[in-house]
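So the protein lines, in turn, are chains A and B. Numbering follows the working numbering, in which position 196 of the first sequence is assigned residue number 196; successive positions increment by one, without gaps. Numbering follows the working numbering, in which position 358 of the second sequence is assigned residue number 358; successive positions increment by one, without gaps.
Quick caveat, the hints were computed from the structure, so don't treat them as lab data. Even for Gly, the Cβ is constructed at its ideal location relative to N, Cα and C. It is possible that part of the hints are untrue.
[As the list claims (entries may be wrong)] For lysine-lysine, the following DSS-like pairs were computed, each having C-alpha atoms within a straight-line distance of at most 30 Å: (1) K573(B) to K503(B); (2) K260(A) to K278(A); (3) K503(B) to K89(A); (4) K271(A) to K260(A); (5) K89(A) to K572(B); (6) K503(B) to K572(B); (7) K573(B) to K89(A); (8) K278(A) to K267(A).
[Claimed, not checked] A partial selection of chain A residues facing chain B, derived with a Cβ cut-off under 7 Å: (9) G96; (10) P97; (11) S114; (12) R231; (13) F255.
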Amino acid sequence: MASQPTAATPPRDSVNHGLRFVVAWLVLSVIATPLVVIFVGPILPPGSMTTQAHEQIYDNTWLAAVSTPVLCLVVVFLVYAFVYFRAPKGGALVDGPPLREHAGIQVVWIVITSLTVLMLAAFGTYQLLQNGSGGGQGPSPVAVPAGASHNLAVQVIGQQWEWTFRYPSFGGVETHELVLPQHTSVTLHVTSLDVVHSFWAYQLGVKADANPGTDNVAYVQTRGPGTFQIRCAELCGLFHGYMFSTGRVVSATQFQSWAKTQEAIYKTIAKYVPPYAKTYICPAAGTSPTCSPQPTLRGG
Amino acid sequence: MTAVTAPLRPPIWRRLVGFNLLTGIVLGIGGWYVGWFGAHAVVGPSLDYFGDVDYNELSVFMAYIGGVVGFLIGLGFLNYPARRLLGYPPSLREKETGGWARYFGLCTDHKVVGIQYLWGIGLFFFIGGLNAMLIRFELLRPTHQVFSGGTYLTLVGMHGTMMMGMMSSGILGPFANYLVPIMIGARRMAFPRVEALTFWLLMAAGAILTTTIFFGGFPTGWTGYEPLNVQAAAGMDCYILFFALAGISMTLLGLNMIATIVTMRAPGLTWMRLPIFVWGVLSTASLMVLAAPVLIAVLSMSALDRAAQTTFFSASGGGSNYLYENLFWVFGHPEVYILALPGFAIVLELLPVFARKPLWGYRLAVAGLLGVTLLSWMVWQHHLFVSGINGDLRPFYMLSTELISIPTGFTFICGLMTLWRGQIRFTVPMLFCLAWFFNFLLGGLSGVFLSDVPSDVTTHGSFFSMAHFHYTIMGGLVFTFFAAIYYWVPKMTGWQLNETLGKIHFWTMFVFFNSTFAPLFAIGFLNQPRRVNVYAHTLQFLNDWVSVSAFCLGTSMLIFLFNLVWSLAFVKKPAVANPWASRSIEFQLPSPVPVHNFDRIPVFSSDPYGYGEGPVPQWVPAGAPAGRD
Numbered sequence: 001m002a003s004q005p006t007a008a009t010p011p012r013d014s015v016n017h018g019l020r021f022v023v024a025w026l027v028l029s030v031i032a033t034p035l036v037v038i039f040v041g042p043i044l045p046p047g048s049m050t051t052q053a054h055e056q057i058y059d060n061t062w063l064a065a066v067s068t069p070v071l072c073l074v075v076v077f078l079v080y081a082f083v084y085f086r087a088p089k090g091g092a093l094v095d096g097p098p099l100r101e102h103a104g105i106q107v108v109w110i111v112i113t114s115l116t117v118l119m120l121a122a123f124g125t126y127q128l129l130q131n132g133s134g135g136g137q138g139p140s141p142v143a144v145p146a147g148a149s150h151n152l153a154v155q156v157i158g159q160q161w162e163w164t165f166r167y168p169s170f171g172g173v174e175t176h177e178l179v180l181p182q183h184t185s186v187t188l189h190v191t192s193l194d195v196v197h198s199f200w201a202y203q204l205g206v207k208a209d210a211n212p213g214t215d216n217v218a219y220v221q222t223r224g225p226g227t228f229q230i231r232c233a234e235l236c237g238l239f240h241g242y243m244f245s246t247g248r249v250v251s252a253t254q255f256q257s258w259a260k261t262q263e264a265i266y267k268t269i270a271k272y273v274p275p276y277a278k279t280y281i282c283p284a285a286g287t288s289p290t291c292s293p294q295p296t297l298r299g300g
Numbered sequence: 001m002t003a004v005t006a007p008l009r010p011p012i013w014r015r016l017v018g019f020n021l022l023t024g025i026v027l028g029i030g031g032w033y034v035g036w037f038g039a040h041a042v043v044g045p046s047l048d049y050f051g052d053v054d055y056n057e058l059s060v061f062m063a064y065i066g067g068v069v070g071f072l073i074g075l076g077f078l079n080y081p082a083r084r085l086l087g088y089p090p091s092l093r094e095k096e097t098g099g100w101a102r103y104f105g106l107c108t109d110h111k112v113v114g115i116q117y118l119w120g121i122g123l124f125f126f127i128g129g130l131n132a133m134l135i136r137f138e139l140l141r142p143t144h145q146v147f148s149g150g151t152y153l154t155l156v157g158m159h160g161t162m163m164m165g166m167m168s169s170g171i172l173g174p175f176a177n178y179l180v181p182i183m184i185g186a187r188r189m190a191f192p193r194v195e196a197l198t199f200w201l202l203m204a205a206g207a208i209l210t211t212t213i214f215f216g217g218f219p220t221g222w223t224g225y226e227p228l229n230v231q232a233a234a235g236m237d238c239y240i241l242f243f244a245l246a247g248i249s250m251t252l253l254g255l256n257m258i259a260t261i262v263t264m265r266a267p268g269l270t271w272m273r274l275p276i277f278v279w280g281v282l283s284t285a286s287l288m289v290l291a292a293p294v295l296i297a298v299l300s301m302s303a304l305d306r307a308a309q310t311t312f313f314s315a316s317g318g319g320s321n322y323l324y325e326n327l328f329w330v331f332g333h334p335e336v337y338i339l340a341l342p343g344f345a346i347v348l349e350l351l352p353v354f355a356r357k358p359l360w361g362y363r364l365a366v367a368g369l370l371g372v373t374l375l376s377w378m379v380w381q382h383h384l385f386v387s388g389i390n391g392d393l394r395p396f397y398m399l400s401t402e403l404i405s406i407p408t409g410f411t412f413i414c415g416l417m418t419l420w421r422g423q424i425r426f427t428v429p430m431l432f433c434l435a436w437f438f439n440f441l442l443g444g445l446s447g448v449f450l451s452d453v454p455s456d457v458t459t460h461g462s463f464f465s466m467a468h469f470h471y472t473i474m475g476g477l478v479f480t481f482f483a484a485i486y487y488w489v490p491k492m493t494g495w496q497l498n499e500t501l502g503k504i505h506f507w508t509m510f511v512f513f514n515s516t517f518a519p520l521f522a523i524g525f526l527n528q529p530r531r532v533n534v535y536a537h538t539l540q541f542l543n544d545w546v547s548v549s550a551f552c553l554g555t556s557m558l559i560f561l562f563n564l565v566w567s568l569a570f571v572k573k574p575a576v577a578n579p580w581a582s583r584s585i586e587f588q589l590p591s592p593v594p595v596h597n598f599d600r601i602p603v604f605s606s607d608p609y610g611y612g613e614g615p616v617p618q619w620v621p622a623g624a625p626a627g628r629d
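This is chain A alone, in the form it adopts within the complex:
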């Protein structure tokens, strides 16, 4: 057994460590937080192509701003402790002062962390309920933007391993490219034909899981024109990595002419495609006329 250190408490330091630490932390936080907001905020994803995406940037910037003082707190504390509370090299083993607890510090800590957490939750809830933040909300959405019943509806169908899009207001036309008009409110109905996929339109700030037999609704309000990336964000089998595509936000007139062209092309093949439906997998095979019996997912 190693020799037990003497219990001699080291003489009380002449400096007020607590005050020095708090000042160092506050100074660093006051400097770092605006820098994060100014320089890191704008490069946070996912862009400003839609209202939802723009608000996600705002959200991400807020969270980064709240995180910065917390990061500073722990890092400054650790560095301060390493510098000032390091045991001298080669010296005899000395015990520190037996400080067991301090009610004031505990109360302050609990109050501050609780307030921060409640504030973040309230902020996130407010942001979410405004317009759904582009997330999939299931068949009966709660965070519905105003006037959503007049939205352009677009169905997103995931299957192994590609995305298909249908426009019910244009005769259920089916395309392989997602084209949206600018400055328009869009309702995306996401569903799947086989396994779970996740529709991730990055620049639109949209992510919604595609579930077989479920109509997962997400809202998005487009802004300026541009192109966006679509990827599958839920592991869906062998070619999950290849399940990507691109889309465009175009002007209203371009969209109308594009849709009319697609509709004309589609007319010739419409009879081979199942009629437009909210989902394409029925609970019991053959009970619904719009729902053809699915082949069994697995042979044998």
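Following the hints, put chain B in place on chain A, whose structure we already have.
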């Protein structure tokens, strides 16, 4: 106090052909074939048969169940009940076997089981790590490079499943089994045979998962989402069996820990004198007992979907994939804290020793551990924020997820304040504990982004969430796992580990861990989903950086492995009883700890954190009454 009983050493032939690992493997393989052909005989020749491209799932399940039963019989798990049924008196003879043979069979000495766990889990940890190296090798190029899509997904799935399933017992297996009885002043666990069973079940499970490569692997990753699960080839059955067996092992391990801690504490060891590590084990164990059965249930339904054509999870048969997702994450989120909580406990246990101060705010630290345990049941749907289920519940799950940072904050303030005005010694275990603060902080702060629904819409399912949970699990659990190894292995084996190599291991691991996982936050923010083998060309530089860092991280693990083998097998420098001048009771015993731990059951008069409060109290007062056992 010293070991008084010289262990019994049976003759060498008895050690080779008795009930041990060798007979276990032989009977295991035999049982596998009995199950395989038995199931074929039952379902008849009209279904798939041996050698077909796709296998008859029933045969796969029955083969592995037969194999596990044979393995356990070969190890001798039926000897005791058989002897009791035949009227022989009960005995704990397994415990009395001496020598190296103890480590290759059923042994009811909790210290032997702890060391078995350490090597067994270490083996699978390295297999899982090797999978990660291969994944990063494939991701050196943005397009398909070496592995086929199926092989790549199998690597991803094996890495995730191996790490989650094995490292769930990563601290409780080796360290709690070894230390909890000593720390609470007991001579054994409450259920010594169950303790041995948990270890051997986990090893059988690991072997089963490894054999998935002979059945075509599995494409689902560690989450096993339906209906991809039911679509997959027979390798999926190995996943189901692995996780179900690991779940059984976890449930039993947790039950054993709770029973031991609640009933077998020595006189004077009140709840508020319990080492904080034991509190961490208790909270983790309660999560294990309640969460793992949900996993076993959901995987049983998966197995039925695959083998018996039920449709719990297939929309076309009236089922729902949401059922799977909910049940899986009801297990899956407590599982995350099964991984994280032992890390909290080890940090709080080790800081007082190396800061030479009492643990600051003991009651707050306990409240933190229990608060995380409780809240971890109420957050699981944050994994399903964009899945389209219960849109109106999302604010609640956002709140509950963010609330969990309050008890986590208790751990931080208690740990940090323990350092305050201490006499910090930067030993290797201490360095790993200090790294925990930084890693887990980044993991926690990125978790705030994921818990916030608007932010989660972008980050969910991307490399951002992957970086987040590697910061919490690797930065939180694996770093403390190594802290525990450097701190307790000299006590467990009686030999020192090389300190210079330990420091090299720490610094390379810390630097390359951050260099590997910090850029993944950016990669996720820049639109790269998880589990892809094809990504945007613009992200190649970042991905290559990550891959090279990951290879360096792997090299760092090899340094550790070299240190372990070099120090324990070749140098064999004896460790002193108390190398860290710790006040904890296990360091008041000789190294390695004698077979029966204590000659007399100790009587406790304080917690083990009284640094600066005088000499270590007398644990074993003269004339103390002999305890239980």
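Quick rundown of the hints versus the structure:
Using a Cα cut-off of 30 Å, the hinted pair K573(B) and K503(B) holds, with the two alpha carbons roughly 18 Å apart. For the hint pairing K260(A) with K278(A), the CA-to-CA distance comes to about 23 Å; that is within 30 Å, so the pair holds. At most 30 Å may separate the alpha-carbon atoms for a hinted pair to count; K503(B) and K89(A) meet this at roughly 16 Å. Among the hinted pairs, K271(A) with K260(A) is consistent with the structure: their alpha-carbon atoms are about 18 Å apart, no more than 30 Å.
Of the supplied pair hints, the one linking K89(A) and K572(B) holds, its CA atoms being roughly 27 Å apart against a limit of 30 Å. Proximity of K503(B) to K572(B) is assessed by CA-CA distance (about 19 Å); at most 30 Å being required, the pair is judged to hold. The hinted pair formed by K573(B) and K89(A) meets the criterion: a straight-line CA distance of about 24 Å does not exceed 30 Å. At roughly 20 Å between alpha-carbon atoms, K278(A) and K267(A) fall within 30 Å of each other, so this suggested pair holds.
Taking 7 Å as the C-beta contact cut-off toward chain B, the hint placing G96(A) at the interface holds, the least distance being around 4 Å. Taken as an interface hint, P97(A) checks out: its beta carbon lies about 6 Å from the nearest beta carbon of chain B, inside 7 Å. This hint holds: S114(A) has a C-beta 6 Å from the nearest C-beta of chain B, less than the 7 Å allowed. This hint holds: R231(A) has a C-beta 5 Å from the nearest C-beta of chain B, less than the 7 Å allowed.
A least Cβ separation of about 24 Å between F255(A) and chain B goes past the 7 Å threshold, and the interface hint is therefore violated.
Hint 13 alone, counting from the list given before, is not met by this structure.
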